[in-house]
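A.B. asks: Given next are the chains, with one letter for each unit.
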Amino acid sequence: MDQAHDTVVLQGHIIDSLILAKVLDTILMMGGTFDLTDVRIGVTREEPSSARIVVRASSVSLLKDILAAIQPHGASVEREDDCSLELAPADGIFPEAFYATTHLPTQIRVKGQWIDVEGIEMDVGIKVDDRRLRATAVPMAAVIRDDLIVTGRRGVRVVPLARPKERDVFGFMESQVSAERPHTHIIVDVARRMKHLREEQSQGIPGCKVLLAGGPAIIHAGGREALTWLIEKGFIHVLFCGNALAAHDLEADLYGTSLGYGLSAGRAVPHGHEHHLRTINRIRAIGSIKTAVESAVIQNGIMAACVRKSVDVVMAGTIRDDGPLPGVITDSMAAQAAMRSAIPGVGLALLVASTLHAVATGNLLPATVPMVCVDVNPAVPTKLADRGSFQAVGMVMDAASFLRELARELGWKP
Amino acid sequence: MEAMSRLLVCPPDYFGIEYEINPWMRLANRVNPEAAARQWHQLMRVFEEDVGVLLERMTPVPGLPDLVFTANAGVVAGTRAVPSRFRYPERRREEAYFEEWFRAHGYEVVTLEPGLYFEGAGDLLGFSDGWFGGYRQRSEIRAFPVLSALFNQEVIPLELIDSRFYHLDTCFCPLSGGDLMYFPPAFDRYAQAVIAERIGASRRLIVPEHEALRFACNAVCVGKHVVLPTGCPETAAELLRRGYQPHPVPLDEFMKSGGSAKCLTLALD
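These protein sequence lines map, in sequence, to chains A and B. Numbers 1 to 414, taken from my numbering, label the letters of the first sequence in order. Numbers 1 to 269, taken from my numbering, label the letters of the second sequence in order.
In short, the hints are calculated from the structure, not lab data. If you're wondering where the values come from, they're calculated on a predicted model, not measured in any experiment. Glycine is no exception: its CB is placed at the ideal position from the N, C-alpha and C atoms. Hints may contain errors.
In silico negatives: residues of chain A with every beta carbon more than 10 Å from chain B [to be verified]:
#1 Arg-45
#2 Leu-67
#3 Gly-74
#4 Trp-114
#5 Arg-132
#6 Val-156
#7 Arg-267
So, partial list: chain A residues that the calculated Cβ filter (under 10 Å) puts toward chain B [claimed, not checked]:
#8 Gly-260
#9 Ser-264
#10 Ser-310
Some chain B residues judged to face chain A by a derived CB distance under 7 Å, without partners named [to be verified]:
#11 Pro-145
#12 Ile-156
#13 Asp-269
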């Protein structure tokens, strides 16, 4: 729900006089809600108290009515200022006092108007086009000299997330991560969301894409078939991975191994350690994964399903990569930009068995997108859950078990 | 505020009804100047002779019929005076005269910003340990934190919800000794709860509606003396029972303007 809100200040002898109680009662009785952001109680009888109250309403006109009703009791709308703007001194450099974003929905005030910051993500700046009254989140590296950048905190407001409407695992505002918690109900809820998103997407409703960021453990541990099935059935629309996930998936198709281990036999195959190198070399010779799939060199697996289903794949390289495969972006900033441009439209993110890609994806996502982070190492889900978003669910669990259970819940019959 | 030894008053030479700014005022309801003068002088005689109060008389000004209601001059505590900022333009012309009087008599005058309505002791009354401010009809609640800081006094705002009781002093009268004479329905339920919380049941004298409408609460209490309008026998009897000495004075001519004994005086120290 797009809510209207304003901050009012109340001061004086507002506690014993029940003026604060009356103002809060009035807000609620009229159908609004409030957050008491700052309450100072006078220490002596003579000393005044004060309260800052964020008043919220479902519409601008209701907010206006509420403000009109509480103003006679001393609630005065906090004086609002435009945000301050400074020119970027050079390419890739913010002005010294730049405003650093959070991943929560953010608004800035320009020429007396509150406007939404587009593409919000954490730890970036805000660029303003003051003629068209538009504001966008901008990463440091993407700043161009003389861009107008928001500085200081004046005229910037962060909108706390409303509790999600769905009464499922994402709605409980809990961020504790534990290996001891049962997983089944979480997976059932995630599956229900994915089913719902796929239906909505088929009706052309925007914001219904499902993103999966994954590591090679998915292949090693035996989650390849389940993930392939999920992609083929149209449950996954964006894939973030590195060189390894793709290489081992392709290796499995060509050699039946993952990093030299026979996937069905479950033991090392002679000279198996060469398989992934030979796979990468083969694809490099063909030119691209897409061509390899289209020419039937690669027939099954995750990457093949992605090509057939036109999944948006971003492969980001790292310094220990072999090859890499064609299509792997080895410039980190370019990879980050490619991931960023694939994020609009994502309505659910599954971060599975990859510290690097999970954290990078988590940083790029606005808090409004629910996330599920699955890893056998509790540190990863904990790190993501600690971002302060109550729509993040962490699970300490093996990647393959998660994907297989999830696919089964969605109708997969292995 | 409980021991008043000096009161500011203004003779009713130009008193009359020249506009309508409260439900009591009707232009058709003409004031009888002789009767008004007679009632005012009788009130002064009671103050000076029966109660033993020193009166400071302001010079009346032609064209300012309500200057007689000196309770609305401002508020005075110690050597400091804050003149009123009237809500209605009809009375705003009085501000300069009241301010001038305070300055001429050696008060340190602190003025409120224009537009911050505050109608003096008509809306600010109290006990020695805490003041109460009436708002919503005439004074604005925002004036009270300013006054609280100026006088280093707690000021509890009370919402007035009945336009017939448009100033706090028309329905709320602190008495010496900590008793309170008041008319609860003039206040919203939060204010009623606050009053009940602050002042114990045995100390609250609730005025019946028919006497509240005769402005029984618009009384002046000096020591054990309570000067109030005539026609309030139940209130007078209750005051007597509680050890006060009631002094009923006929003030009907001033009721035509919505004022009575208290409105005609300002406590100076």
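A.B. asks: Examine each Cβ of chain B, and state whether all of them lie more than 10 Å from the Cβ of Arg-132 (chain A).
C.D. replies: Per Cβ check, Arg-132 (chain A) is outside 10 Å of chain B; nearest 38 Å; holds.
A.B. asks: Is the claim that Val-156 (chain A) lies outside the interface with chain B correct, judged by CB distances over 10 Å?
C.D. replies: 28 Å, holds
A.B. asks: Can we confirm that no CB of chain B comes within 10 Å of the CB of Leu-67 (chain A)?
C.D. replies: 15 Å, holds
A.B. asks: Arg-45 (chain A): least C-beta distance to chain B exceeds 10 Å?
C.D. replies: Check fails; 5 Å does not lie beyond 10 Å.
A.B. asks: Regarding the hint that Gly-260 (chain A) lies at the interface with chain B, is the smallest CB-CB distance below 10 Å?
C.D. replies: 77 Å, violated
A.B. asks: Does the no-contact call for Trp-114 (chain A) survive, Cβ to all of chain B over 10 Å?
C.D. replies: The claim stands: Trp-114 (chain A) keeps its Cβ more than 10 Å from every Cβ of chain B (closest is about 26 Å).
A.B. asks: Classify the hint on Asp-269 (chain B) as holds or violated, based on whether any CB of chain A lies nearer than 7 Å to its CB.
C.D. replies: 20 Å, violated
A.B. asks: Is the nearest CB of chain B more than 10 Å from the CB of Gly-74 (chain A)?
C.D. replies: 4 Å, violated
A.B. asks: Against chain B, with CB atoms and a cut of 10 Å, does the hint on Ser-310 (chain A) hold up?
C.D. replies: Hint violated; Ser-310 (chain A) Cβ to chain B Cβ min 62 Å, cut 10 Å.
A.B. asks: Is the shortest C-beta separation between Ser-264 (chain A) and chain B less than 10 Å?
C.D. replies: 76 Å, violated
A.B. asks: Holds or violated: the hint that Pro-145 (chain B) contacts chain A, with Cβ atoms closer than 7 Å.
C.D. replies: At about 4 Å, which falls below the 7 Å cut-off, the nearest Cβ of chain A leaves the hint on Pro-145 (chain B) intact, so it holds.
A.B. asks: With d taken as the least Cβ-Cβ distance between Arg-267 (chain A) and chain B, does d exceed 10 Å?
C.D. replies: For Arg-267 (chain A), whose nearest Cβ neighbour in chain B is about 79 Å away, the distance exceeds 10 Å, so it holds.
Of the numbered hints stated above, those contradicted by the structure are hints 1, 3, 8, 9, 10 and 13, listed in ascending order.
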